[in-house]
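Novice: Each chain, written out:
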Amino acid sequence: MVNITINDQEYDIEEGKTILEAAQAMGLEIPTLCYHKALSPYGACRLCTVEIELNGRTMYQASCQYLVEEGMNIQTESERVVNGRKKMIELLLARAPEAEDILDLAYKYGVKDTRFLKEFDDVCILCGLCIRVCHDRMGFKAIEFINRGIERKVSLPFEDFHEVCRTCGSCSTYCPTGAKAVQLENLTHHTPRPILSEFDQGLATRPAVYTPFPQAVPKIPVIDRNNCIHFQTGECKICQDVCEPDAINYEQEDEIVEREVGAIVVTTGFDPFDPNRLPQYGYGKYPNVITSLEFERISSASGPTEGEIIFPGVTEIKSAAILHCIGSRDENTNRYCSRLCCMNALKAANLIRDKLPDSHVYEFYIDIRAAGKGYEEYYQKMLRSDIRIIRGKVAEITNIPDLPEDEGRLTVVAEDTLLGAILRVPVDLVILMVGIEPKKDARDLAHILHLPCTEEGFYNEKHPKLAPTETVIEGIHVAGACQFPKDVPDSVAQGESAAAAVLSKIARGEYITEPTKAEIVDDHCSGCRNCIGLCPYLAISFDEEEEIAKIDSALCQGCGVCVASCPSGAIIHRGYTDKQIFAEIEGVLER
Amino acid sequence: MVVTDEKTIENTDWEPRIVGFLCRWCSYAGADLAGISRLDYPPNSIFIKVPCTGRVDPTFVLKAFADGADAVFISGCHLGDCHYIEGNYKTMRRFEILKETLKQLGIHERRFQLTWISASEAQKLKEFLTSMTSSIKELGPIQLPILAPLQKEDKQDD
Amino acid sequence: MSDIKPADINILRAKGEESLYPDRPKIGISMASCGLAAGAGKILETIEGELKNLDLDWIVTKTGCPGFCQKEPLLYYHAPGKEKIYFGELTEKKAKDLVKELSENTVDRDFATWKIMSDVTIDDKTLFISEETEIEDIPLYQEYDFFKKQHKIALRNCGFIDPQSIEEYIAKGGYAAFQKALKMKPDEVIDFIKKSGLRGRGGGGFPTGLKWELCSKEDSDIKYIICNADEGDPGAYMDRSILEGDPHSIIEGMLIGAYGIGSNEGYIYVRAEYPLAIELLDIAVQQARENGFLGANILNSGFSFDINLAYGAGAFVCGEETALIASIEGRPVEPRIRPPFPSQSGLWEKPTNINNVETWANVPPIILKGHDWYSSLGTETSKGTKVFSLVGKINNTGLVEVPMGITLREIIYDVGGGIIDNKKFKAIQTGGPSGGCLPESHIDLPVDYESLKEAGSIMGSGGMIVVDEDTCIVDLAKFFIDFTRDESCGKCVSCRDGLDACHEILNKITEGKSALEDLDYLEELGQSIVDFSMCGLGTTAPNPVLTTLRYFKDEYIAHIEKKECSAKVCKALITYEIIKDNCVGCQACARLCPENAIKGQKDKVHKINQELCIKCGVCFDTCRYDAILIRSGDK
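Protein chains in written order, with the working numbering: chain A, 43 to 633; chain B, 5 to 162; chain C, 362 to 996.
Calculated from the structure, these hints are not laboratory results. Mixed in with the good hints, there may be bad ones.
Straight-line C-alpha distance at most 30 Å; calculated DSSO-like pairs for lysine-lysine [stated by the list, open to error]: (1) C:K423 / C:K556; (2) A:K222 / A:K183; (3) B:K107 / A:K592; (4) A:K482 / B:K128; (5) A:K160 / C:K711; (6) A:K528 / B:K103; (7) C:K869 / A:K154; (8) A:K621 / B:K107; (9) C:K932 / A:K160; (10) C:K874 / A:K59; (11) C:K869 / C:K923; (12) C:K387 / A:K160; (13) C:K730 / C:K784; (14) C:K711 / A:K183; (15) C:K976 / A:K128; (16) A:K59 / C:K711; (17) A:K128 / C:K960; (18) C:K578 / A:K279; (19) C:K963 / C:K924; (20) A:K507 / A:K482; (21) B:K53 / A:K528; (22) A:K507 / B:K130; (23) A:K154 / C:K874; (24) C:K869 / A:K160; (25) A:K507 / B:K53; (26) C:K924 / A:K160; (27) A:K507 / B:K107; (28) B:K103 / A:K504; (29) A:K504 / B:K107; (30) C:K914 / A:K154.
On a predicted model such as this, the values are computed, not experimentally measured, just so you know.
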């Protein structure tokens, strides 16, 4: 521990720390542009320079690099330091007049303008963060400073594209000029592949360490191993350095947790319909044809556009079309109704009108299904607004305009079945209300759990009225859209119902099984062991002492396979005895 | 002596009697659905519910023929869908052997069929029953050489 | 590696003495870079040709520079038993005649510059004493104005010996100091240097003994010592002269340092712009190895040491210790923060001691003649002598080695012989581009580390540029800022962009586009660059601006307010005019004007079209009638 004084306040600081680290740990702010906790300090921006008095000598040193020494008297904002900082900010501003970080500092230190504005376009302030992250952390050494003095710049090996660059993008992430100085397209001939945010429907990018979505449970960031540089090369590890509670663990593996449970509630949800299957709507072809889920993210205040309805290449949204029943109620895709799209579509129309009051919104529907509490009233309200609700299925979306002034817009071709007229509506935004489909792997899970499914792949409940959350498999329940499309209120209701059903069974403390089980008549068993290999539940064992087979009635599920195969007829099946079935046969065939 | 099952239609009022062994989880539920769905299908078939097609003892089939059934079918879950994991596979193997045995007894192979119908396949059940009934109608009433009643002794006391 | 015995050294020494003072007449031509630039190559050819012509069996040898560069090309003639006579400012014709005249003993005395009557080595062995003299009335070396106040320690052999001959170096007392050091304990050697008061001659003035001690105390099995021969100051060439004139003195100095510190490997980092120095160093290192002064188990002492040469590509900043280390390691040249100091973690992260050429060259005489002798020279805090490269508007340019504490006046007027054409002394710029400009009021300032620093300048590596009234002080500051701006490594914003900004402001001033408040800003900016830069380059680069602002603010103000450049240098502030009374209409200027800006009929007064004039000054230089007037402001 060394005792130092910062701004007339005494502190005990661990030896080996830099002045900047010490000051930051004490909550004191020292401006810097080229320092990053995870990188070796470089001292290029000089903004962190402080006044140090030691052994009667006054010196000015960059606090990011200078280590604390016993008896130092440090002034972080002395007049000379502030004067110097103002000059440095002015000089930095000359290079990057629009960089936000520098403008913030300029504002803070009262620097209004720079008198040395550079004539070149390069806004690089030569802080070296990009180079250090590439060298120190990524281990690539794809960029380096070249030339000296005023000619200095960041460049590539031999000033040419080189395979050394892995196009990881760390350099531009660290650029204090907002990545304006280090642009990947100037560094590599590879096309950068941004990591798209799954939650934002690929409309925004995300880092390789991320929280899957804001409501994630547990709300803990995860590392995307496929994109994490550390898992590709063993380098980086920046997150480990930055994480103060030391919570990053690269050794953690995916693990299969085995739990013995008394009941399972299957709530695997749904997949949205993929509108690529309906090419006539131009999804994926026109950037402004989007799905209802994408619109949800765009219109969200916490979404990629912060709630602004904007698209690349679309200057103004004058009108929008909302298409119902995409992948629902359609002979070619899914015949069933996805139930929630109608209300979602009406809500989308309302949102667009709210955010863009001058726009026109068209809804193309087959039937409006507004069955639900307050739903019909909402529909009626929308009917009274100036949203145009048109009954008719859209035939196609095309970018060939009817009028020259609509060049660049989309045209919705549909029949208004109430008017019996063909409509061609120019729009700037098309929202496809995609339907709900079973999860792609729903049948795989069904096989594992032995759950019967509908033709489409939704899990079947035991009985629609009497046992709406139970399945034919004792102890397995279903809830939510994996059973059939339902909206949030219905899903919640079914989920709670399933939970209650499970709890009521558990609370009972004992389990009542079906009585239809196989049983061995000991005297008749010859000990041939035929049955043992046949039982899928391993319920039959051989009693070595008595030399006969025994059935564990708790394990036996009562399929009767063993009964039918016993050469001695030594197994009886309660509820389905041979005698009972014979009688049944006789009964049905009685003339 | 091999007795052939010849087509002799004496009475046009004759209707075949078909016994179906349906598993409780899939096919029987499918039949239920057909009922709920009010599907039309020939009334010639009478269903006997078994927990699983694996429970169908060959003697059940023989008993049915012996008691005068013109045809017998077994219907279970689709392969891989068995509620009891693999009962229908066992049925499938037993069926092939039993069919050969019945053929030697002079029973036409169309009179003994196996099918897979899931709980949701009411339509498939309807189509199966329709085609089987008409096919048996073509074959005519069963004529077995020995009509001595087959009585299986029940070992069960109760 | 041969184990050389003291007896063998005696043989070498005898050979060296023979070669230095043979039994035949000998001509030594100064063939360092300065001599070669003045045409020494042709002189050598001429002399060798003439000797052949006259069938004279004289010895011709190449030496380094004796320091008086003004007199180059320069040679000496020495006949056995007689004095050594120097002849300067030779031409090919003069050289040809000289050989003839010497052989016939009919030399014109005005032709000779100075003579040397005896040669005593640093270990007090007399090599020759001349009883008789060939030519009377030539000033003695010791009494010659240029050398009178000099005291040559670092430059002791420059110009006297053949740099390619280890024997001649040994004959002059070379490697005796190293042998003496080997008999001492390493820490005694360090103590010896500490007591001498020797301070780093590269610019910083850090006590050399203390530096060695810090490095020697580091716990490491590998330690390096480096000779910094990356001399880059404009107009300064002290180190080059030693490298080219006496390379073994550096090797010997490094050997002593390595022994004291406990290092077994050394580097000489020399800039590639010194090809001759590199060539001669290479030969010297080779010779030292062949004769057992470098390698394993030197002189059977158990001490091993070898030297590698590393070449710099000409970046000024490589003179900074940490940047130099980066350069040797092959990394981009950027100084790094200290601590850790190189003595803790230097080359390849091992303890490293770096001294500059002149420092190393000072070491052997100290060991040999004692620290008391050395510390008796100089001032209280600055001991010994310092080599200065005296250039600019001065009569005697060259390398001068003077005791510390000598005044600037003595250097300029006694050694330097005053200002050319008796013009008015204006300022002296010391310490190279990192130094400052001192005005006439400081001319009696004693030259030592502290006094110079107090006056706002630095000792630096020893550049001294004398400036007269014809030099614009703003332009001078701009020149130095331009130099450091180009040579900044570019790491620190303050140095890289700050110097560029200084340059921009100075440019505005010289163009008359500035306002008075710019001066305050310039001063603040300069101070901030000093405060906020990391290495020696940035923290001293604004010195020329800051000192000129301090001592010559009037001249800055004149540029701004009156648009007047009193030295008539700043083109934007001057106009060329024709004095009607003097112009005879010879048309000489009109013919040469590159822009055809001068019009006038023959025998009529000419006129300069100011819109076309680019102020090249050709007319002024051409006019033989003093008819061209340069006007600036009111003058």
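Novice: Does each hint fit the structure? Answer for all of them.
Specialist: Now the hints, each set against the structure:
1. For the given pair, K423 of chain C sits about 37 Å from K556 of chain C by alpha-carbon distance, which is inconsistent with the 30 Å threshold.
2. A threshold of 30 Å between alpha carbons decides the hint, and for K222 of chain A with K183 of chain A the separation of about 20 Å falls inside it, so the pair holds.
3. Between K107 of chain B and K592 of chain A the alpha-carbon distance is near 36 Å, which puts this suggested pair outside the 30 Å criterion.
4. A threshold of 30 Å between alpha carbons decides the hint, and for K482 of chain A with K128 of chain B the separation of about 25 Å falls inside it, so the pair holds.
5. The suggested pairing of K160 of chain A with K711 of chain C is violated, with an alpha-carbon distance near 41 Å, which exceeds 30 Å.
6. As the CA atoms of K528 of chain A and K103 of chain B are separated by approximately 47 Å, the hinted pair breaks the 30 Å bound.
7. In summary, the hint linking K869 of chain C to K154 of chain A is supported, as the alpha carbons are separated by about 22 Å, within the 30 Å threshold.
8. With a CA separation close to 26 Å, the supplied pair K621 of chain A and K107 of chain B stays within the 30 Å bound.
9. Restraint check for K932 of chain C and K160 of chain A: satisfied, since their Cα atoms lie roughly 25 Å apart, inside the 30 Å limit.
10. A hinted pair counts as satisfied when its Cα atoms are at most 30 Å apart, and K874 of chain C with K59 of chain A does not qualify at roughly 48 Å.
11. The suggested pairing of K869 of chain C with K923 of chain C holds, with an alpha-carbon distance near 14 Å, which does not exceed 30 Å.
12. For the suggested pair K387 of chain C and K160 of chain A, the alpha carbons sit about 62 Å apart, so the restraint of at most 30 Å is broken.
13. For the hint pairing K730 of chain C with K784 of chain C, the CA-to-CA distance comes to about 42 Å; that exceeds 30 Å, so the pair is violated.
14. Distance restraint check for K711 of chain C and K183 of chain A: the Cα-Cα separation of roughly 25 Å lies within the 30 Å cut-off, and the hinted pair is therefore satisfied.
15. A distance of roughly 39 Å separates the Cα atoms of K976 of chain C and K128 of chain A; the hinted pair therefore is violated under the 30 Å criterion.
16. Between K59 of chain A and K711 of chain C the CA atoms are separated by roughly 22 Å; this keeps the pair inside 30 Å, and the hint holds.
17. Annotation: proposed proximity of K128 of chain A to K960 of chain C is violated, straight-line Cα distance about 53 Å (limit 30 Å).
18. The hinted pair formed by K578 of chain C and K279 of chain A fails the criterion: a straight-line CA distance of about 37 Å is larger than 30 Å.
19. This hinted pair does not check out: K963 of chain C and K924 of chain C have alpha carbons roughly 34 Å apart, beyond 30 Å.
20. With a CA separation close to 27 Å, the supplied pair K507 of chain A and K482 of chain A stays within the 30 Å bound.
21. Between K53 of chain B and K528 of chain A the alpha-carbon distance is near 34 Å, which puts this suggested pair outside the 30 Å criterion.
22. The suggested pairing of K507 of chain A with K130 of chain B holds, with an alpha-carbon distance near 25 Å, which does not exceed 30 Å.
23. Restraint check for K154 of chain A and K874 of chain C: satisfied, since their Cα atoms lie roughly 22 Å apart, inside the 30 Å limit.
24. Distance restraint check for K869 of chain C and K160 of chain A: the Cα-Cα separation of roughly 16 Å lies within the 30 Å cut-off, and the hinted pair is therefore satisfied.
25. For the hint linking K507 of chain A to K53 of chain B, the alpha-carbon distance of about 23 Å falls within 30 Å, and the restraint holds.
26. Distance restraint check for K924 of chain C and K160 of chain A: the Cα-Cα separation of roughly 27 Å lies within the 30 Å cut-off, and the hinted pair is therefore satisfied.
27. For the hint pairing K507 of chain A with K107 of chain B, the CA-to-CA distance comes to about 46 Å; that exceeds 30 Å, so the pair is violated.
28. Restraint check for K103 of chain B and K504 of chain A: not satisfied, since their Cα atoms lie roughly 34 Å apart, outside the 30 Å limit.
29. A C-alpha spacing of about 40 Å is found between K504 of chain A and K107 of chain B, which places the hinted pair above 30 Å, so the restraint is violated.
30. Proximity of K914 of chain C to K154 of chain A is assessed by CA-CA distance (about 28 Å); at most 30 Å being required, the pair is judged to hold.
Of the numbered hints given earlier, the model fails hints 1, 3, 5, 6, 10, 12, 13, 15, 17, 18, 19, 21, 27, 28, 29; all others are met.
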